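**Q** Fit chain B to the known structure of chain A by using the hints.
Here are the chains, one letter per residue:
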Amino acid sequence: MIDITVLTDHWDSYMIGLRNTLFASLMALAGSFVLGTIIAVFRISPIAALQVFGTAYVELFRNIPLLLVVYMFFLGLPAIGIALDGFVSGTLGLMVYTSAFIAEAIRAGIMAVPQGQTEAARSSGLTYMGTMRYVVLPQAVKIVVPPITNQFLNLVKNSSILGVVAGLDLMYYGDLVNAETYNTVDTYVFVALFYLIMTLPLAYASRLLERRLARSG
Amino acid sequence: MDFGQAYSPDNLRFLMEGLGMTLRLAFVAIILSFIVGCLLGVIRYAKMPVASKLIGLLVETIRNLPLLLLIFFARFGLPELGIKLSPFWAAIVALSVFEAAMISEIVRSGLKSVEKGTIEAARASGLTYIQTLRHIVLPIGLRRMVPPIVSQFISLLKDTSLAVIVSLAELTHNANIVMGQDIAIVLPTLMLVAAIYFTVNYVLSIIARRLESRPT
Numbered sequence: 001m002i003d004i005t006v007l008t009d010h011w012d013s014y015m016i017g018l019r020n021t022l023f024a025s026l027m028a029l030a031g032s033f034v035l036g037t038i039i040a041v042f043r044i045s046p047i048a049a050l051q052v053f054g055t056a057y058v059e060l061f062r063n064i065p066l067l068l069v070v071y072m073f074f075l076g077l078p079a080i081g082i083a084l085d086g087f088v089s090g091t092l093g094l095m096v097y098t099s100a101f102i103a104e105a106i107r108a109g110i111m112a113v114p115q116g117q118t119e120a121a122r123s124s125g126l127t128y129m130g131t132m133r134y135v136v137l138p139q140a141v142k143i144v145v146p147p148i149t150n151q152f153l154n155l156v157k158n159s160s161i162l163g164v165v166a167g168l169d170l171m172y173y174g175d176l177v178n179a180e181t182y183n184t185v186d187t188y189v190f191v192a193l194f195y196l197i198m199t200l201p202l203a204y205a206s207r208l209l210e211r212r213l214a215r216s217g
Numbered sequence: 001m002d003f004g005q006a007y008s009p010d011n012l013r014f015l016m017e018g019l020g021m022t023l024r025l026a027f028v029a030i031i032l033s034f035i036v037g038c039l040l041g042v043i044r045y046a047k048m049p050v051a052s053k054l055i056g057l058l059v060e061t062i063r064n065l066p067l068l069l070l071i072f073f074a075r076f077g078l079p080e081l082g083i084k085l086s087p088f089w090a091a092i093v094a095l096s097v098f099e100a101a102m103i104s105e106i107v108r109s110g111l112k113s114v115e116k117g118t119i120e121a122a123r124a125s126g127l128t129y130i131q132t133l134r135h136i137v138l139p140i141g142l143r144r145m146v147p148p149i150v151s152q153f154i155s156l157l158k159d160t161s162l163a164v165i166v167s168l169a170e171l172t173h174n175a176n177i178v179m180g181q182d183i184a185i186v187l188p189t190l191m192l193v194a195a196i197y198f199t200v201n202y203v204l205s206i207i208a209r210r211l212e213s214r215p216t
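Note that the protein sequences, when read in sequence, are chains A and B. Per our numbering: the first sequence = residues 1 to 217. Per our numbering: the second sequence = residues 1 to 216.
If you're looking for bench data, these hints aren't it; they were derived computationally from the structure. As the structure is a computational prediction, the values presented were derived from the model and not from experiment. All residues carry an ideal CB built from backbone N, CA and C; glycine is no exception. Treat the hints loosely; a few may be bogus.
Just some of the chain A residues that point at chain B, by a computed CB distance under 7 Å [claimed, not checked]:
hint, residue
1, 72
2, 154
3, 157
4, 196
The following block holds chain A by itself, in its conformation from the complex (with noise of 0.2 Å):
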């Protein structure tokens, strides 16, 4: 049977992790949501430039592991002098890692706007900027909505990667847990549990979104 005591007796422990896990995914959360709308604006400019620089962004942290990109933070950064600990550096990780992700899912409803419209609002006199606001935006987002929320259900996921690298998150004091109370499966039940509470409801709206939209066309 699952003992309660681990979670009672470490309520404090499962708190503070739990809060971390909120702070560092809302902060990778918002970063990586400006950061990738940035890198889709390049990677969908006419600028020959920026183009490659947003392709290459998006190519090479699509492909390469998340803790790779939380080592250049944690590990990286302090060969040339900048000292991070685990909760930033595995922060800006997880926001460089899911921008890249972010970004594609723009780019790709931004591309699904059919060209035709692009082609007749702009003949029908509209900038450039009034196209984008007017015509393709409005319905870039109602396409983008969905796999965003999904991006946003992995970073919360993701985050735990700051338990590797003493990132003081829901998973880090898990780990403390453990070692107090040698308690393994019912510390890890109860880790699972917290995860759950914050991830099922983002997969619920998600499929919400999903389902709706599809429906509104």
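**A** Chain B only, in chain A's frame:
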């Protein structure tokens, strides 16, 4: 930054051994997760009573947990339940369970994407349910599943790096040890390891893209 020391023959050999372990890990996990994922996906698609619901619940739970937690649990939690696994097999079990859950979702939605009319036409022309599944739904659905499944395999290859927490000697783990030698070789080592992961995955993603653009 000391590239010479970082890329010494000994270090390179050690990193290549790590890459070997990473590829072995990924290969076994890819095969296992593909088989299990397809099975679970078909059962859920076919809406088998009770089984579909149970699998659905299980898949939903696993998909929404961090993989790191599963690896940790497989290595240190399962022994408490009487199942002892070496670091390699703990990583394999966790990776396979996690990716199988992902693949089962891909398979299920791939099968679901086959148009109702196509299925009805097959049934009306006299094919049984199993025949329809085998000759119509699976071939059409499978072709649509190829790109997302390859993407999932890329994820899996990257995810093998999480086996660091059970001290398995894969690429990231070995890189970590190399970097511990001297602060001057941290950045060159990180760059090299990033380049290795990137190359392997980029080749995979080019294959995926080519499959995607092929008319279906």
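**Q** Hint by hint, say whether it matches the structure.
**A** Hint check results:
Satisfaction of the interface hint for residue 72 of chain A is found here, the shortest Cβ-Cβ separation to chain B being roughly 6 Å, below the 7 Å cut-off. At its closest, the beta carbon of residue 154 of chain A sits 10 Å from a beta carbon of chain B; the interface hint therefore is violated under the 7 Å criterion. Hint status for residue 157 of chain A: holds, given a least beta-carbon distance of 4 Å to chain B, under 7 Å. Hint status for residue 196 of chain A: holds, given a least beta-carbon distance of 6 Å to chain B, under 7 Å.
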